[in-house]
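Undergrad: Next come the chains, spelled out residue by residue.
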Amino acid sequence: AQTVTQSQPEMSVQEAETVTLSCTYDTSESDYYLFWYKQPPSRQMILVIRQEAYKQQNATENRFSVNFQKAAKSFSLKISDSQLGDAAMYFCAYTPPYGNKLVFGAGTILRVKS
Amino acid sequence: DAGITQSPRYKITETGRQVTLMCHQTWSHSYMFWYRQDLGHGLRLIYYSAAADITDKGEVPDGYVVSRSKTENFPLTLESATRSQTSVYFCASSPIDRASNTEAFFGQGTRLTVV
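So the sequences go chain by chain: A and B.
Every letter in the first sequence is one number past the one before it in this note's numbering, and letter 51, counting from 1, is 51.
Every letter in the second sequence is one number past the one before it in this note's numbering, and letter 49, counting from 1, is 1049.
No wet-lab data here; the hints were simulated from the structure.
A couple of the hints might just be wrong.
With a cut-off of at most 30 Å between alpha-carbon atoms, the simulated DSSO-like pairs for lysine-lysine come out as follows [said to hold, decoys possible]:
hint, chain 1, residue 1, chain 2, residue 2
1, A, Lys73, A, Lys55
2, B, Lys1057, B, Lys1070
3, B, Lys1057, A, Lys70
4, B, Lys1057, A, Lys73
5, B, Lys1057, B, Lys1011
6, A, Lys55, A, Lys78
Some chain B residues flagged as far from chain A (calculated, every beta-carbon gap over 10 Å) [unchecked claim]:
hint, residue
7, Ala1052
8, Lys1070
9, Asn1073
Here a beta-carbon is modelled for each residue, glycine too, at the ideal position from N, C-alpha and C.
The task is simple: from the sequences and hints, build the whole structure.
TA: Structure, rendered in structure tokens:
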């Protein structure tokens, strides 16, 4: 069974600084998708960034970028120029090439200090 | 309005009662899912459906029942609620086409408390 591990229950970052959230996963598949979701206090699940496993290039979305290491099964999220609005729970998630089911990590709470 | 909506947003019920959480999507997505969110566990899949009249168990299905008679609706029923089912429940949908990057769209969540 696929598993996703987020080893950092909480992280803090100073406003305007950079922070990296870690995620590792376990799968025997070669084709899959990886995601980072943001959950602010409103509970809304917001897709931050996605990565397709067969693409070697790391995905980027404005201030958000990933470091995808397929051999190491690692998928970290880097947030640059952190803003107060980035404070939230962040979930790493994996989906296999069939069924569209998401497997989530336990989440990392990100606090942004002004 | 287009999107995916859950109802109710909040629910308090007593142990042993039957509770149904509703989920409705307007996109005609083939896939629909129910997840529960608990501290330390992230979101875990309860049940999912690939199409109308097709449902399957996820990671934590015990104590739950689902149905999908129409593509747009996917209700989740707790047959006899227990305190361990106190959680936040999310419904989600996604298109069947993987070329669409399989993005899942989530409802607002239902906070269920079983007392």
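Undergrad: Would you mind confirming whether the straight-line C-alpha gap from A:Lys55 to A:Lys78 stays at or under 30 Å?
TA: 18 Å, holds
Undergrad: Within 30 Å, alpha carbon to alpha carbon, are B:Lys1057 and B:Lys1070?
TA: Judged against 30 Å, a Cα distance of about 18 Å means the pair holds.
Undergrad: Taken at face value, is the distance from the CA of A:Lys73 to the CA of B:Lys1057 at most 30 Å?
TA: 27 Å, holds
Undergrad: Is the claim that B:Ala1052 lies outside the interface with chain A correct, judged by CB distances over 10 Å?
TA: 16 Å, holds
Undergrad: Could you check that no beta carbon of chain A comes within 10 Å of the beta carbon of B:Lys1070?
TA: Holds, since 19 Å exceeds 10 Å.
Undergrad: Are the Cα positions of A:Lys73 and A:Lys55 separated by 30 Å at most?
TA: Since the Cα atoms of A:Lys73 and A:Lys55 sit roughly 14 Å apart, the hinted pair holds (cutoff 30 Å).
Undergrad: Measuring Cβ to Cβ, find out whether B:Asn1073 lies farther than 10 Å from everything in chain A.
TA: 18 Å, holds
Undergrad: Are the Cα atoms of B:Lys1057 and A:Lys70 separated by 30 Å or less?
TA: 29 Å, holds
Undergrad: Is B:Lys1057 close enough to B:Lys1011, meaning Cα to Cα at most 30 Å?
TA: 24 Å, holds
This entry satisfies every hint, going by the numbered hints stated previously.
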